[in-house]
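Visitor: Based on the sequences and whatever the hints tell you, model everything.
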Amino acid sequence: MEPVHHDLAGGPAFEPMIQIDMEIKAFVSVWRHCDYVSTYMARMISQNRSDSVRHSNLFSSAFNELLEVAFRTRHADGELACRVSRHGATDRIELILPCVPEERRFYEEAVSQVAGIEARERYLNSVSGDLAPSREVVLLELAVDYNATLRLEEADGDAIKLVVDLPLEGLRH
Amino acid sequence: MSPYDLLPRFKAQYDANNQEFSISGVVRPQAIDELGPSIALLRDAIGRVRGVLYVNVRRLTQMNNAAFHAFSRIIIDACRARPDLKFVVITSSVVGWTSRKFGRLSGIEPNITVEEYDSEFYPGQGFLEGGGFVPILRTQTKMTWRHERAILPRHGMRPGIVMADICCGIGDFAVLVQKEFQPSRIVALDHSRSSLAYARKVAAEFDIKGIEYTYGDASEMLLEENQFDLVTCRHSLQVFNRPELILRELFRICKPGGRVYITNEKNSHCLGEPRADSIQWTYNEVAKLWAHFQMDIELGPKSRRYLTEAGLEDIRVESFMVSNHDGDPQDFADVIAAWENVYAGEMATKRGDTPAFIRRFRQGFQDHIFAALHSKGYAGWPIWVASGRKPL
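Protein sequence lines correspond, in order, to chains A and B. Following our numbering, the numbering of the first sequence begins with 16 at its first residue and continues without gaps. Following our numbering, the numbering of the second sequence begins with 25 at its first residue and continues without gaps.
Rather than coming from a laboratory, the hints here were simulated on the basis of the structure. One should not assume that every hint holds.
Said to hold, decoys possible - Cross-link-like lysine to aspartate or glutamate pairs, in silico, EDC-like; alpha carbons within 20 angstroms at most:
| no. | chain 1 | residue 1 | chain 2 | residue 2 |
| --- | --- | --- | --- | --- |
| 1 | B | 279 | B | 338 |
| 2 | B | 225 | A | 184 |
| 3 | B | 233 | A | 50 |
| 4 | B | 312 | B | 377 |
| 5 | B | 233 | B | 204 |
| 6 | A | 40 | A | 184 |
| 7 | B | 166 | B | 358 |
| 8 | B | 374 | B | 338 |
| 9 | B | 35 | A | 50 |
Stated by the list, open to error - The calculated label-pair distances, taken between Cβ atoms and stated as ranges, are:
| no. | chain 1 | residue 1 | chain 2 | residue 2 | range |
| --- | --- | --- | --- | --- | --- |
| 10 | B | 170 | A | 26 | 49 to 55 angstroms |
| 11 | B | 130 | A | 26 | 51 to 57 angstroms |
| 12 | B | 204 | A | 169 | 51 to 57 angstroms |
| 13 | A | 104 | B | 272 | 44 to 50 angstroms |
| 14 | A | 134 | B | 170 | 23 to 29 angstroms |
| 15 | B | 265 | A | 45 | 16 to 22 angstroms |
| 16 | A | 31 | B | 337 | 41 to 47 angstroms |
| 17 | A | 37 | B | 315 | 57 to 63 angstroms |
| 18 | A | 162 | B | 272 | 50 to 56 angstroms |
| 19 | A | 173 | B | 337 | 55 to 61 angstroms |
| 20 | A | 130 | B | 218 | 34 to 40 angstroms |
| 21 | B | 105 | A | 123 | 55 to 61 angstroms |
| 22 | A | 104 | B | 373 | 39 to 45 angstroms |
Glycine included, each C-beta is placed from N, C-alpha and C at the ideal position.
Guide: This is how it looks when you write it as structure tokens:
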């Protein structure tokens with residue numbers, strides 16, 4: 016059996032794969048940045064997955080939604096960092112983004128709701144509802160359709176760090 | 025058909041004859057206004073149809089939540105306003121996310137069903153995918169490789185290229201190419217999960233890196249256009265009932281200036297001595313049998329026409345004869361025995377052939393084996409190789 020390395024927090028060690036940093040002002044200046052960044056990073060990290068094309072398409076799909084949420088966040092000045100790392104069948108996306116205090120509360124609330132048992136039901140209600148999907152619903156959808164797990168971690172200054180684990184290799188066809 | 029080119033990255037259209045609304049490409053709008061024309065087209069389609077509206081998302085590679093919600097709302101509202109109307113959403117098993125996501129809609133409205141498109145397009149695939157055929161496919165590739173390794177450089181194969189092997193089957197050709205020519209990247213695609221599973225197992229066991237085995241439909245690939253220096257598709261156009269659809273995709277993913285390389289057979293030209301007449305009769309019947317199942321095992325010499333009509337230029341065609349003198353004659357005999365097993369077995373039975381016909385049909389294969397193993401015999405299996413360049 017392969018030895019499992021653990022990081023200081025006690026979880027399994029994720030190997031870094033790729034990181035893109037952008038000034039937040041540059042990122043939010045063009046909507047298509049979400050598409051470009053998600054597609055590029057998906058291709059880069061998928062080549063050694065068991066089905067590179069399918070994995071890339073799925074990863075891009077999930078990652079783009081995260082970036083669209085980040086795009087719609089009210090930001091403080093600073094940098095957006097997008098980092099992808101891997102442990103076995105799971106790819107981890109870390110988004111570090113500066114945000115104002117009420118946005119931090121939004122993310123805390125949204126992430127706690129994603130973990131709730133009624134996440135799937137709330138997602139289905141939103142699909143049949145009149146309103147366009149909120150950012151919270153977009154995060155819910157990652158959990159429902161991609162089996163993603165989400166959490167927030169401490170980051171320096173006014174920034175937050177959103178950590179999303181995507182077990183796409185194990186997602187059924 | 026009313027095509028609407030809405031934005032460069034996606035296309036929506038409505039086919040009134042088939043009552044089918046289709047949307048394809050990458051749909052990631054910032055605001056729903058950007059979808060205005062395609063949403064109007066869907067509303068218009070709903071207003072015109074009776075009975076069933078097919079919503080084809082087979083080639084929808086990406087759609088963000090904002091767009092998904094906009095289209096879903098229209099369909100859900102229509103279900104509530106018109107209980108007589110049913111929606112059938114056609115997804116692709118290749119794309120990965122569409123079946124799950126659109127599948128949620130049927131839980132909301134019972135008049136929405138989601139069907140995952142699969143392999144019905146390929147009438148002959150089932151005959152050739154059985155696990156028992158794998159060793160024979162390996163043997164066939166071993167025998168053809170003796171010839172193709174010398175032929176391939178004349179058709180664009182060289183070290184460092186980026187290549188795709190479409191309809192890669194069990195992936196052994198890709199492995200041989202990797203070892204011999206060291207391309208920088210190989211994407212190998214097939215529509216058989218069992219074949220790909222075998223290919224991945226072999227690659228893992230022999231620690232072969234640099235080949236990306238991917239599941240896909242050769243007539244509608246997720247691969248982006250203009251990205252490969254060489255696109256190979258071996259012994260496969262002859263298995264499809266509409267090879268021009270595959271060729272259109274091979275052309276699309278090939279780089280301008282790159283080449284599309286195909287190999288095919290003309291089975292009625294299989295030959296042997298002694299017992300030539302019996303052998304020839306059987307292989308003429310093989311051609312008719314394949315035609316019955318909408319496959320063209322006689323496609324080889326038609327390659328030049330197919331490649332030309334696909335828009336390729338600088339067409340190069342050559343042929344070679346795999347024979348019982350290519351290595352061990354027993355290999356050749358094993359291949360023929362496998363053909364007999366499938367053609368005179370499952371296929372002939374399914375066509376409803378009489379026992380007398382099947383007896384004579386089998387005899388030709390047995391005579392071919394006899395010729396292959398005879399100390400003074402000769403047995404041959406001709407292959408046509410062709411390639412064309414995509415214009416710059």
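Visitor: Now tell me, hint by hint, if it's right for this structure.
Guide: Against the structure, the hints come out as follows:
no., hint, in the structure
1, 279(B) - 338(B), "holds (15 angstroms)"
2, 225(B) - 184(A), "holds (16 angstroms)"
3, 233(B) - 50(A), "violated (29 angstroms)"
4, 312(B) - 377(B), "holds (12 angstroms)"
5, 233(B) - 204(B), "holds (14 angstroms)"
6, 40(A) - 184(A), "violated (34 angstroms)"
7, 166(B) - 358(B), "holds (13 angstroms)"
8, 374(B) - 338(B), "violated (42 angstroms)"
9, 35(B) - 50(A), "holds (17 angstroms)"
10, 170(B) - 26(A): 49 to 55 angstroms, "holds (53 angstroms)"
11, 130(B) - 26(A): 51 to 57 angstroms, "violated (38 angstroms)"
12, 204(B) - 169(A): 51 to 57 angstroms, "holds (53 angstroms)"
13, 104(A) - 272(B): 44 to 50 angstroms, "violated (35 angstroms)"
14, 134(A) - 170(B): 23 to 29 angstroms, "violated (58 angstroms)"
15, 265(B) - 45(A): 16 to 22 angstroms, "violated (45 angstroms)"
16, 31(A) - 337(B): 41 to 47 angstroms, "holds (46 angstroms)"
17, 37(A) - 315(B): 57 to 63 angstroms, "holds (58 angstroms)"
18, 162(A) - 272(B): 50 to 56 angstroms, "violated (36 angstroms)"
19, 173(A) - 337(B): 55 to 61 angstroms, "holds (59 angstroms)"
20, 130(A) - 218(B): 34 to 40 angstroms, "holds (38 angstroms)"
21, 105(B) - 123(A): 55 to 61 angstroms, "violated (40 angstroms)"
22, 104(A) - 373(B): 39 to 45 angstroms, "holds (43 angstroms)"
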